[in-house]
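Q: Below, each chain spelled out in residue letters.
Number of protein chains: 2
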Amino acid sequence: MDPFGTYRSMEPRGALPQQARVLDATSALEEDEVLVDVEYLNVDSASWRQLETSTGGSPDALAARIREIVDEAGKMHNPVTGSGGMLVGRVAGLGRHRVEPPVGTRIATLVSLTATPLVLEDVLEVRPGSEKVRVRGRAILFRSSLYAELPDDLDDSVALGVLDVCGAPAWAARLVSEGMNVVVVGAGGKSGMLTCAQAARKAGPGGRVLGLCWPENTAIAAKDAGAEAVVVDCTDSIAVLESVTEAFGGGVADLVFVCTNVPGCEGGAILSCDDEGEIVFFSMATSFTRAALTAEALGKSCRMTIGNGYVPGHAQLALDLVRSEPRLMERFAS
Amino acid sequence: MDPFGTYRSMEPRGALPQQARVLDATSALEEDEVLVDVEYLNVDSASWRQLETSTGGSPDALAARIREIVDEAGKMHNPVTGSGGMLVGRVAGLGRHRVEPPVGTRIATLVSLTATPLVLEDVLEVRPGSEKVRVRGRAILFRSSLYAELPDDLDDSVALGVLDVCGAPAWAARLVSEGMNVVVVGAGGKSGMLTCAQAARKAGPGGRVLGLCWPENTAIAAKDAGAEAVVVDCTDSIAVLESVTEAFGGGVADLVFVCTNVPGCEGGAILSCDDEGEIVFFSMATSFTRAALTAEALGKSCRMTIGNGYVPGHAQLALDLVRSEPRLMERFAS
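Chains as they are written, first to last, in this note's numbering: chain G, 1 to 334; chain Z, 1 to 334.
If you are wondering where the hints come from, they were derived from the structure by calculation, not from laboratory data.
Note that this is a predicted model, so its numbers are computed, not measured.
There could be a bad hint or two in this list.
Not everything, but these chain Z residues come out facing chain G in the computed CB check (under 8 Å) [said to hold, decoys possible]: (1) Ile238; (2) Ala297; (3) Gly309; (4) Tyr310.
Chain Z stretches covered by chain G per the calculated footprint, using a threshold of three residues with CB under 8 Å from any CB of chain G [as the list claims (entries may be wrong)]: (5) 102-116; (6) 278-289.
The following label-pair restraints were derived from C-beta to C-beta distances [unchecked claim]: (7) G:Gly57 <-> Z:Ser130: 48 to 58 Å; (8) Z:Ser27 <-> G:Gln316: 53 to 63 Å; (9) Z:Arg90 <-> G:Arg13: 48 to 58 Å; (10) G:Arg13 <-> Z:Glu178: 34 to 44 Å.
Note that the Cβ used here is the ideal one computed from N, Cα and C, for glycine as well.
I would like the entire structure built from these sequences, with the hints used as guidance.
A: Next up, the structure:
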């Protein structure tokens, strides 16, 4: 058995599970797999937005569409956005060569739902405005699938929300240094807030963290995360550039994080970044070709990084960040 | 007038030209624009492949589809792949504030066709197997649009082919260092060959450059570029991993370049890269979400970079590389 779970890929056979259209989620547990009784799905923000828009957003329609996707694909892989999310559940069984996590442990998956075999028996609760979907179902983790034990001191919803986006602050911790001018595009969402808070710590009093927000009512979240909030439509490239140069006295950013959940934010990010700077794209609505070709079209030589959701130690770093920032904690608890 | 040409974006109005669905390619020349009499389009490899597949590949069908795209969008922007290519032509006019390049100069655009206003009067010649399309038409360059004067000592076709992909070897020059183990996925194509040649120079005798090729008849090109050629289906992630570990005696690569023109090469690249390593994606068939989520799903923390086609000095570097490597020169001339 390979550690990646390719043996469960039905279509195409032998593909990596993330890339398969259909996973076998029903065969018996293999020797190094983990069986999870699923309690919640936490659907990725870009996927959730697409589901709301395409179904009209009623709980019944959302629940039906989610069941339909999972029944067809054997995983919660939104075919339009290509994105997934993560889940929370309790370990229900271990393959015969597997020793952790102990049966009964409550865990959150850190591997995307697009790579997690899933069977849904029922969708129990969908609430408008929440990406958290209460379900009854079973999921499978492979040997390579990352997970985190849920901490005792935090509410489920807080831990879920934080773990879902914990790659973003880890990249901020890695790349921001003292005195930098940082821009966070989409600063009012979950990954944006964590990125702002971590960036503000690392940039220090000599640096700046500008949090671009849209719509206006998300600005308070960015401020709570320690950013200077600026309200601007992040898909309007020229407006973004103007906001950034105005705030930075004519200059642009050393480092840009894109944490939005809407398409079309590449141009503003690229214009806002210094030629020697770097952009880290976390938004699942990012288009590879649009980013590459826009930079080329604008003659901008900045580095552009695909926000890899896995950075060693990311879960602990993000949880500790929220534990130490009461206003962030409130945001994630609400 | 802004330097980016947003004033020619019709749909949506004011968008960056690369992101607009429709450009105004017919209005009078603005003060800092350049008018170009177009001779050739050099269609991007991913786009070309899609056009061939979707039209059946006959010259007439290809020509008709190209005209249709340009008539609708005011630019050669393949709506399926999102990619473009570049063009060669002669400067026919300058806006009243514009002083370069002199009228009559033969240039190649380094800005993508997806951001270049274009009117086609005729498609003169389409040849099966060639991405070069001879046309009669007019294009417009903005103040920010990059171009290169065509060198006297090289055939058009060589210069075009090299300039089209000159970002790739520039990244190899920037990132490869002595003794590195480098993998080039899709080593038999144009960008792959240049990347192999540049990587081999920088890695030196203590390093290795493994060129993964498919189909088998492209292996000779990778060898000519100085790589150790390995024939493997680059969309088969597990087969790619096995080829790489076999060649590197159990290890994986420090640096991976993805230069293919087919979708589905992200998984093999990610599996072939060290956790501390870096992958640079040049293929326009790369999926952002697939790359991000596959890395996360596999628990791989490698750095993943969007191959920005613009690196200062890239055109000169790539042309000099081909000038100094007779076997590469032959390949680009054929």
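Q: Would you mind marking each hint as holding or not holding in the structure?
A: Hints, verified against the model:
no., hint, verdict
1, Ile238, "holds, 6 Å"
2, Ala297, "holds, 3 Å"
3, Gly309, "holds, 4 Å"
4, Tyr310, "holds, 5 Å"
5, 102-116, "holds (count 5)"
6, 278-289, "holds (count 6)"
7, G:Gly57 <-> Z:Ser130: 48 to 58 Å, "holds, 49 Å"
8, Z:Ser27 <-> G:Gln316: 53 to 63 Å, "holds, 57 Å"
9, Z:Arg90 <-> G:Arg13: 48 to 58 Å, "holds, 53 Å"
10, G:Arg13 <-> Z:Glu178: 34 to 44 Å, "holds, 41 Å"
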